[in-house]
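Residues per chain are reported as follows:
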Amino acid sequence: MSAKLSALTSDSYIDISQYRDQHFKGNRYEQEKLLKQSHTLYVGNLSFYTTEEQVHELFSKSGDVKRIIIGLDKVKKTACGFCFVEYYTRLGAENAMRFINGTRLDDRIIRTDWDAGFKEGRQYGRGKSGGQVRDEYRQDYDPARGGYGKLASQHRPTEARNTF
Amino acid sequence: THLKKYIYKNNNGLNKCQAHKRRRTSEPIEIEDRLESLICRVGEKSTSSLESNLEGLAGVLEADLPNYKNKILRILCSVARLLPEKLTVYTTLVGLLNARNYNFGGEFVEAMIRQLKETLKNNLYNEAVYLVRFLSDLVNCHVIAAPSMVAMFENFVSVTQEEDVPQVRSDWFVYVVLSCLPWVGKELYEKKDVEIDRLLSQIEGYLKGRVKTHVPMLQVWTAEKPHPQEEYLDCLWAQIQKLKKDRWQERHILRPYIAFDSVLCEALQHNLPPFTPPGHMPDAQYPMPRVVFRMFDYTDAPEGPVMPGSHSVERFVIEENLHCIIMTHWKERKTCAAQLLSYPGKNKIPLNYHIVEVIFGELFQLPVPPHIDVMYTTLLIELCKLQPGSLPQVLAQATEMLYMRLDTMNTTCIDRLINWFAHHLSNFQFRWSWDDWSDCLTVDLDKPKPKFVKEVLEKCMRLSYHQRIVDIVPPTFSALIPAEPVFIYKYEDESASSLPGYPVSIAVGNAIKNRASNEEILTALKDVPNPNQEDDDDEGETFNPLRVDVFLQTLLHLAAKSFSHSFSALGKFHEILKNLTESDEGKLHILKVVYDVWRNHPQMIAVLVDKMIRTQIVDCAAVANWLFSQDMAHEFTRLFIWEILHSTIRKMDKHVQKIQQELEEAKDKLEKQHGDDEDMDKASEDEEGQLEEQIERLQEKVESAQSEQKNLFLVIFQRFIMLLTEHLVRCETGSVDISTPWYKNCIERLQQIFLMHHVTIQQYMGTLENLLFTAELDPHILAVYQQFCALQL
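As they're listed, the protein sequences go chains A and B. Reminder that position 162 of the first sequence reads as 162 in the UniProt record's numbering, one-by-one numbering, no gaps. Reminder that position 120 of the second sequence reads as 120 in the UniProt record's numbering, one-by-one numbering, no gaps.
To be clear, the hints were calculated from the coordinates, so they are not data collected in a lab. The structure presented is a predicted model; accordingly, all values stated were derived computationally and were not measured. Ideal placement from N, C-alpha and C gives every residue a C-beta, glycine not left out. Don't take each hint at face value.
DSBU-like cross-link-like pairs, simulated, lysine-lysine; straight-line CA separation at most 35 Å [to be verified]:
hint: 1; chain 1: A; residue 1: Lys77; chain 2: B; residue 2: Lys572
hint: 2; chain 1: B; residue 1: Lys611; chain 2: A; residue 2: Lys36
hint: 3; chain 1: B; residue 1: Lys331; chain 2: A; residue 2: Lys119
hint: 4; chain 1: A; residue 1: Lys66; chain 2: B; residue 2: Lys385
hint: 5; chain 1: B; residue 1: Lys117; chain 2: B; residue 2: Lys245
hint: 6; chain 1: B; residue 1: Lys186; chain 2: B; residue 2: Lys69
hint: 7; chain 1: B; residue 1: Lys572; chain 2: A; residue 2: Lys33
hint: 8; chain 1: B; residue 1: Lys186; chain 2: A; residue 2: Lys66
hint: 9; chain 1: A; residue 1: Lys150; chain 2: A; residue 2: Lys74
hint: 10; chain 1: A; residue 1: Lys25; chain 2: B; residue 2: Lys611
hint: 11; chain 1: B; residue 1: Lys672; chain 2: A; residue 2: Lys33
hint: 12; chain 1: A; residue 1: Lys66; chain 2: B; residue 2: Lys658
hint: 13; chain 1: A; residue 1: Lys25; chain 2: B; residue 2: Lys572
hint: 14; chain 1: A; residue 1: Lys119; chain 2: B; residue 2: Lys561
hint: 15; chain 1: B; residue 1: Lys490; chain 2: B; residue 2: Lys611
hint: 16; chain 1: B; residue 1: Lys651; chain 2: A; residue 2: Lys119
hint: 17; chain 1: A; residue 1: Lys33; chain 2: B; residue 2: Lys651
hint: 18; chain 1: B; residue 1: Lys449; chain 2: B; residue 2: Lys592
hint: 19; chain 1: B; residue 1: Lys561; chain 2: A; residue 2: Lys74
hint: 20; chain 1: B; residue 1: Lys45; chain 2: A; residue 2: Lys36
hint: 21; chain 1: B; residue 1: Lys572; chain 2: A; residue 2: Lys36
hint: 22; chain 1: A; residue 1: Lys77; chain 2: B; residue 2: Lys611
hint: 23; chain 1: A; residue 1: Lys119; chain 2: B; residue 2: Lys572
hint: 24; chain 1: B; residue 1: Lys385; chain 2: B; residue 2: Lys331
hint: 25; chain 1: B; residue 1: Lys654; chain 2: A; residue 2: Lys66
hint: 26; chain 1: B; residue 1: Lys710; chain 2: A; residue 2: Lys66
hint: 27; chain 1: B; residue 1: Lys561; chain 2: A; residue 2: Lys150
hint: 28; chain 1: B; residue 1: Lys513; chain 2: A; residue 2: Lys76
hint: 29; chain 1: B; residue 1: Lys654; chain 2: A; residue 2: Lys119
hint: 30; chain 1: A; residue 1: Lys66; chain 2: A; residue 2: Lys33
hint: 31; chain 1: A; residue 1: Lys36; chain 2: B; residue 2: Lys121
Computed spacing ranges between beta-carbons, pair by pair [to be verified]:
hint: 32; chain 1: A; residue 1: Arg20; chain 2: B; residue 2: His565; range: 30 to 36 Å
hint: 33; chain 1: A; residue 1: Thr9; chain 2: B; residue 2: Ser48; range: 24 to 30 Å
hint: 34; chain 1: A; residue 1: Glu32; chain 2: B; residue 2: Tyr298; range: 52 to 58 Å
Bound-form chain A, shown alone (with noise of 0.2 Å):
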């Protein structure tokens, strides 16, 4: 009878990035399938000190959390400031995306994205260090993701470094 206006359905929160796992076992095709489908959202930005309590809090706001799986550094095995959020609903991790991502945890403004689904192996940092790749690489201090990167911090040896 009526149409329904695409310029008035407009969800924009909840469309995938650009990102794409490069780790991803499956064409960018599949991968993209899984993403429209996922209950599962990457969450990062997060203070190394973030808990899983405070994530399970915020993130229960948008629905029920079936499981949140801390960012592991892959040395140290200490939060390394991400986690995964697997919802029981695709709705639950949608409104996240809405009204979650891009507001404060910890302080800090958390960034989510839809991911393929967690598999073992994921909850760890990529970066040569063992934390994240960005973190390699940042040239700021940011005293609650181990102060300066990686990178950084090799060329200010005098520098006290915060350990968790």
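Once you've looked at the hints, dock chain B against the given chain A.
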């Protein structure tokens, strides 16, 4: 055809939409998309005036009618239904088209009538209101003849004469008529004053006779001051009466058609076909009644434009439009905030106050907000970002007002306020002038204000950590700071060595650490003495609570580090836990132990209970019984108790729905099989037999699940009735006022069960009325049930 050259820009300057002088060989689909875009975007920020854009667009569309008439009709019908906040922009457009092409105008009206019938058939009553309002504004645009609109209104109001129909049905038809009058009252009264007066008189008579039992259940505050929480039809009636008294002068609505009056008044009008309201169907879902939320009046905005009064029609229109903007854009918070802040006519009203009031009105709406709670938190944050110099102050003022009126605020609304405020603060470094609220330190901790602050701080802690909370509040607030969320282990060290379970706790702890098998652990547990059993009582196993205690305390202690550790522990030892909780006593006791060890960490209790239900270590009824047990009486008014209970009810609900869906799918599959008229060979006969068996099994499963669900509600309601009756009787015999903070909390929690789960509870009304909510019940308790029933009458 030629399309005129013509540029649009929307707010972001994106999507420049150009129609070119010379027709390109574009695909029809591209042209359709372009038409859609042109129509949807008209009225948005532009370098040209609205009138100029409408004139231009009307020309473009008129030229496209020969090839794209149906598409244009469909788009216009859609915007009428889905963009009510831009009503008058589109009625003007239709008016201009009708003036240029009379037949098109007629076809549009016919399409709208068809659409109206469709929406009513599909229970889309809110959209139907917008369609009728659109039609009525078409009278102002000379598209529809006034007398035929009046005739439609008369047919609507005649529904009030129907007998044996739910009140919410006739309510809706009256509401539609009244809600159109701000737009078209003046025009209709000028042409048909006698008929309008008669209509209003009929409406007045109807409103006087309405049952309003439902109102107390929907009010955000119980107090009449400073703003009465009016029933929505009563408020609208008062607004229309005032409008009539003001001789239908309405100055707020943006009316682009006035600029085109010379063109439009030359147009020929159409008559609406006689419209008979569809009859009442038993499965009709009319909108629930509501209460108008007001928290501000003209005294609250310190300077600038004055806020229209509560019974002014301007207030109605502003609130309607703001609600519609949220309805259209709720999924995209930046757009939503921008659209709210660019409301036309914003310079004449204290817009920030209206926005904040409408948003809180939705957040506190009973039974449930129109959209998910977290949307409102994020929307308010976006609004603060866009108006950093003014909106945060209004929001702070609103928060202060809400705090001051906590004593009479509905408990469910307080829950939402707690969650909103804590989440909001967590986005602003928890900055707040807590000292302004030091009055809450001077009264008992169970009073609403200190209770509110305590719950807020607990939620703030969940989003941060204990020391942070200590740091952000003044030292005087220390009594309200939540406990540090640490595990309490009964068998911690040698000081516990005299406890009967201590030796086995050591053994079990070691067994777990050494990855012993389940059999070995169960064997070790056999050594736990049973406090419930006489030494020489050989009559078989009575339940041994100490066994549960020793195992679970030890296990959870080892796994206390995080949620994941605890979940992993529950999973690894699922078999043992199932063994220990076979009986109802066992299930109850496991919950008791979880509470005992984690009572400083309600968040952990909630996630453990959730996991235990999902893995069937406990069932929903056990959780309900535990929450209402004497052991938990001292926690009964804490928020986490109710979060657990509502979460439990929701899980039960989802479980039933899941099996029902499996059954539907199996039935569909079978029907499809029957549909295949091929000769049935043995294989498909077998398959059909299997399907039928599966359907039978699923049918039983559904019945069993529904029975469990019904039982859960019976348990909950029975417990409420027992507790409340006890309190009421005690007060009566002691000649004491029943209205203690505990009582207010308890009775409103009972209301909350009805409100939050009304869809499910409707199925069991018969049983509830026969078994529990009988006439013998104390009238205070029965009133809650009656108010609930009145919501759908």
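Next on the checklist: For each hint given before, does the structure comply? Return the numbers of the non-compliant ones in rising order.
Outcome noted: 8
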